[in-house]
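Student: So the sequence shown is numbered by the working numbering: it starts at 42 and just counts up by one.
No lab work stands behind these hints, which were simulated from the structure alone. A hint or two may mislead.
Keeping only pairs whose Cα atoms sit at most 25 Å apart, straight-line, the calculated DMTMM-like set for lysine to aspartate or glutamate is [to be verified]: (1) K101 / E79; (2) K195 / E79; (3) K187 / E79; (4) K113 / E147.
Ranges between beta-carbon positions, derived for each pair [claimed, not checked]: (5) D173 / D78: 17 to 23 Å; (6) K87 / P123: 32 to 38 Å; (7) R93 / G167: 18 to 24 Å; (8) R128 / Q70: 34 to 40 Å; (9) R169 / R106: 37 to 43 Å; (10) Q146 / N198: 32 to 38 Å.
Only a predicted model underlies this, so the values are computations on that prediction, with no experimental measurement involved. Glycine is no exception: its CB is placed at the ideal position from the N, C-alpha and C atoms.
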Amino acid sequence: MTRGKCKVIGITGGLGAGKTTLLRQLKQQGVPAIAADEVGRRVTQKGSFVLRALVATFGKTILNRSGELDRKKVGHWVFQNPKALQRLNRLTHPEMRFIINAAVQEWKQRGAKLVGVEAAVLFEMGLRHFVDEVWVVTASLGERLKRMERAGWKRENLWQRIKRQLPDEMFRRRAHRVIVTDGRKPRAVAKPN
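Turn these sequences into a full structure, and let the hints steer you where they fit.
Tutor: In structure tokens, the structure reads:
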């Protein structure tokens with residue numbers, strides 16, 4: 042992405058840390074922002090070339106009765122199978138990066154001063170080079186588990202996903218800003234050296 046007057050913030054962190062809440066708050070303040078999860082849903086819509094590539098790679102068992110990607114089934118499967126997760130990412134991430142880049146460029150052309158890009162796998166997707174700053178959202182593991190269980194996740198499924206993500210310390214080391222969301226109000230903390 043071209044650097045200029047617009048600052049692009051990459052928002053990342055572990056599952057249940059509060060990334061989506063921070064992104065929503067930025068949007069409420071008028072900051073244009075995009076979430077990688079939303080883009081992932083878009084690129085795997087029924088009829089998309091990415092979905093066709095996924096079916097060619099993994100078979101029709103990844104589809105539900107309507108011919109759409111069965112996200113829950115695929116998510117459960119790939120988080121138990123690292124090689125399948127790598128193949129899934131190789132097929133989806135290039136198109137996702139393209140769409141995210143196009144959205145950010147459009148907002149820059151429209152004169153945006155700040156843009157948010159949220160992705161749990163910001164580094165793994167290759168989005169770090171697209172952003173000017175990395176904001177890491179973090180919360181205690183207990184708080185994250187409570188949030189995800191309230192959202193309907195089963196604890197055993199959560200552990201499989203959490204194990205596949207970067208440890209909090211790795212996120213923090215790469216951050217320009219760390220935002221802790223354990224309390225009622227998020228707070229920024231000094232980045233550890």
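Student: Indicate, hint by hint, whether the structure satisfies it.
Tutor: Okay, the hints, checked on the actual structure:
1. K101 / E79: holds (23 Å)
2. K195 / E79: holds (22 Å)
3. K187 / E79: Holds: K187 and E79 sit about 23 Å apart, inside 25 Å.
4. K113 / E147: Distance ~32 Å between K113 and E147 Cα, so the pair is violated.
5. D173 / D78: 17 to 23 Å: Given range 17 to 23 Å: holds, Cβ gap about 22 Å.
6. K87 / P123: 32 to 38 Å: violated (27 Å)
7. R93 / G167: 18 to 24 Å: Since R93 and G167 have Cβ atoms about 23 Å apart, the given range 18 to 24 Å holds.
8. R128 / Q70: 34 to 40 Å: Taking Cβ atoms as reference, R128 and Q70 lie about 38 Å apart, which means the hint holds.
9. R169 / R106: 37 to 43 Å: With Cβ atoms ~39 Å apart, the hint holds.
10. Q146 / N198: 32 to 38 Å: Given about 36 Å between the Cβ atoms, the range holds.
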